[in-house]
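Novice: In case you want the letters, here they are:
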Amino acid sequence: DQQVKQNSPSLSVQEGRISILNCDYTNSMFDYFLWYKKYPAEGPTFLISISSIKDKNEDGRFTVFLNKSAKHLSLHIVPSQPGDSAVYFCAARDSNYQLIWGAGTKLIIKP
Amino acid sequence: NAGVMQNPRHLVRRRGQEARLRCSPMKGHSHVYWYRQLPEEGLKFMVYLQKENIIDESGMPKERFSAEFPKEGPSILRIQQVVRGDSAAYFCASSPDRQGGNEKLFFGSGTQLSVL
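If you read the sequences in order, they're chains U and Z. When the letters of the first sequence are read in order and numbered with this note's numbering, they come out as residues 1 to 111. When the letters of the second sequence are read in order and numbered with this note's numbering, they come out as residues 1001 to 1116.
Heads up, a few of these hints could be off.
[To be verified] Here are the simulated DSS-like pairs of lysine-lysine, each with C-alpha atoms no more than 27 Å apart in a straight line:
#: 1; chain 1: Z; residue 1: Lys1104; chain 2: Z; residue 2: Lys1051
#: 2; chain 1: U; residue 1: Lys54; chain 2: U; residue 2: Lys68
#: 3; chain 1: U; residue 1: Lys68; chain 2: U; residue 2: Lys56
#: 4; chain 1: U; residue 1: Lys71; chain 2: U; residue 2: Lys54
#: 5; chain 1: U; residue 1: Lys5; chain 2: U; residue 2: Lys106
#: 6; chain 1: U; residue 1: Lys68; chain 2: Z; residue 2: Lys1044
#: 7; chain 1: U; residue 1: Lys5; chain 2: Z; residue 2: Lys1044
#: 8; chain 1: Z; residue 1: Lys1051; chain 2: Z; residue 2: Lys1071
#: 9; chain 1: U; residue 1: Lys56; chain 2: U; residue 2: Lys5
#: 10; chain 1: U; residue 1: Lys71; chain 2: U; residue 2: Lys5
#: 11; chain 1: U; residue 1: Lys54; chain 2: U; residue 2: Lys110
#: 12; chain 1: U; residue 1: Lys56; chain 2: U; residue 2: Lys71
#: 13; chain 1: U; residue 1: Lys56; chain 2: Z; residue 2: Lys1071
#: 14; chain 1: U; residue 1: Lys110; chain 2: U; residue 2: Lys71
#: 15; chain 1: Z; residue 1: Lys1104; chain 2: U; residue 2: Lys68
#: 16; chain 1: U; residue 1: Lys110; chain 2: U; residue 2: Lys68
#: 17; chain 1: U; residue 1: Lys68; chain 2: U; residue 2: Lys106
#: 18; chain 1: Z; residue 1: Lys1062; chain 2: U; residue 2: Lys71
#: 19; chain 1: Z; residue 1: Lys1044; chain 2: Z; residue 2: Lys1071
#: 20; chain 1: U; residue 1: Lys110; chain 2: U; residue 2: Lys5
#: 21; chain 1: Z; residue 1: Lys1027; chain 2: Z; residue 2: Lys1062
#: 22; chain 1: Z; residue 1: Lys1062; chain 2: Z; residue 2: Lys1051
#: 23; chain 1: U; residue 1: Lys106; chain 2: U; residue 2: Lys56
#: 24; chain 1: U; residue 1: Lys54; chain 2: Z; residue 2: Lys1051
#: 25; chain 1: U; residue 1: Lys106; chain 2: Z; residue 2: Lys1104
#: 26; chain 1: U; residue 1: Lys5; chain 2: Z; residue 2: Lys1104
#: 27; chain 1: Z; residue 1: Lys1044; chain 2: U; residue 2: Lys71
#: 28; chain 1: Z; residue 1: Lys1051; chain 2: Z; residue 2: Lys1027
#: 29; chain 1: Z; residue 1: Lys1044; chain 2: U; residue 2: Lys106
#: 30; chain 1: Z; residue 1: Lys1027; chain 2: Z; residue 2: Lys1071
Keep in mind that the hints were calculated from the coordinates and are not lab data. In this text, all values refer to a predicted model and were calculated from it rather than measured experimentally.
Based on the provided sequences and hints, a complete structural model is requested.
Specialist: Written out as structure tokens, the structure is:
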């Protein structure tokens, strides 16, 4: 039972263009959503988060959008840079304060 | 290095042996979490500990797995009588307060366990 789904295992984007990573969830009780970035042989690092009471949060080149009615969130990176190539995990916090993680999307930025 | 330290980075065990994975949280962090990542899957929560206490072990298999976070020293994840299915990357994370929300998790680089 996957409560958090990242349906695209990988995504390839041209440098300078916008990268859009998607995440869908099933549990309407999730109250906080986070994106983590992971390089090979390293642990995930926090990127950006959004509370369920908001629909947008922006931090520099990174913006997260939340559509509660569709149970969908997305991460926009613009402009995309080579250093953005990594695996991106979406995570959602449940009522027990546990983080439920998606399987990740591998982003490849082409020069 | 003030980050979360995990060791060893790679651990090879034969079926039936014991595996011990260590995690030293960031300085000032008293909350430790262990996650497991199987190939092509996301991180799966295993256990949440504070100093000397297991707070939530709902993600831990009932047998062979145990975790501790003693008053002194690192947190230990122990797997007894390992089987091939235990092969995975095990990540430790720490936070100054309970995870989620504004409290970011800080992850170690993980221990890759391979069971032969």
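Novice: Hints first: check each against the structure and report whether it holds.
Specialist: Hint by hint, here is what the structure shows:
no., hint, in the structure
1, Lys1104(Z) x Lys1051(Z), "holds (19 Å)"
2, Lys54(U) x Lys68(U), "holds (9 Å)"
3, Lys68(U) x Lys56(U), "holds (11 Å)"
4, Lys71(U) x Lys54(U), "holds (13 Å)"
5, Lys5(U) x Lys106(U), "holds (14 Å)"
6, Lys68(U) x Lys1044(Z), "holds (24 Å)"
7, Lys5(U) x Lys1044(Z), "holds (13 Å)"
8, Lys1051(Z) x Lys1071(Z), "holds (6 Å)"
9, Lys56(U) x Lys5(U), "holds (20 Å)"
10, Lys71(U) x Lys5(U), "holds (11 Å)"
11, Lys54(U) x Lys110(U), "violated (32 Å)"
12, Lys56(U) x Lys71(U), "holds (14 Å)"
13, Lys56(U) x Lys1071(Z), "violated (41 Å)"
14, Lys110(U) x Lys71(U), "violated (30 Å)"
15, Lys1104(Z) x Lys68(U), "holds (22 Å)"
16, Lys110(U) x Lys68(U), "violated (32 Å)"
17, Lys68(U) x Lys106(U), "holds (24 Å)"
18, Lys1062(Z) x Lys71(U), "violated (33 Å)"
19, Lys1044(Z) x Lys1071(Z), "holds (26 Å)"
20, Lys110(U) x Lys5(U), "holds (25 Å)"
21, Lys1027(Z) x Lys1062(Z), "violated (31 Å)"
22, Lys1062(Z) x Lys1051(Z), "holds (21 Å)"
23, Lys106(U) x Lys56(U), "holds (23 Å)"
24, Lys54(U) x Lys1051(Z), "violated (34 Å)"
25, Lys106(U) x Lys1104(Z), "holds (22 Å)"
26, Lys5(U) x Lys1104(Z), "holds (21 Å)"
27, Lys1044(Z) x Lys71(U), "holds (21 Å)"
28, Lys1051(Z) x Lys1027(Z), "holds (13 Å)"
29, Lys1044(Z) x Lys106(U), "holds (18 Å)"
30, Lys1027(Z) x Lys1071(Z), "holds (14 Å)"
Hint violations for this structure: numbers 11, 13, 14, 16, 18, 21 and 24, all remaining hints satisfied.
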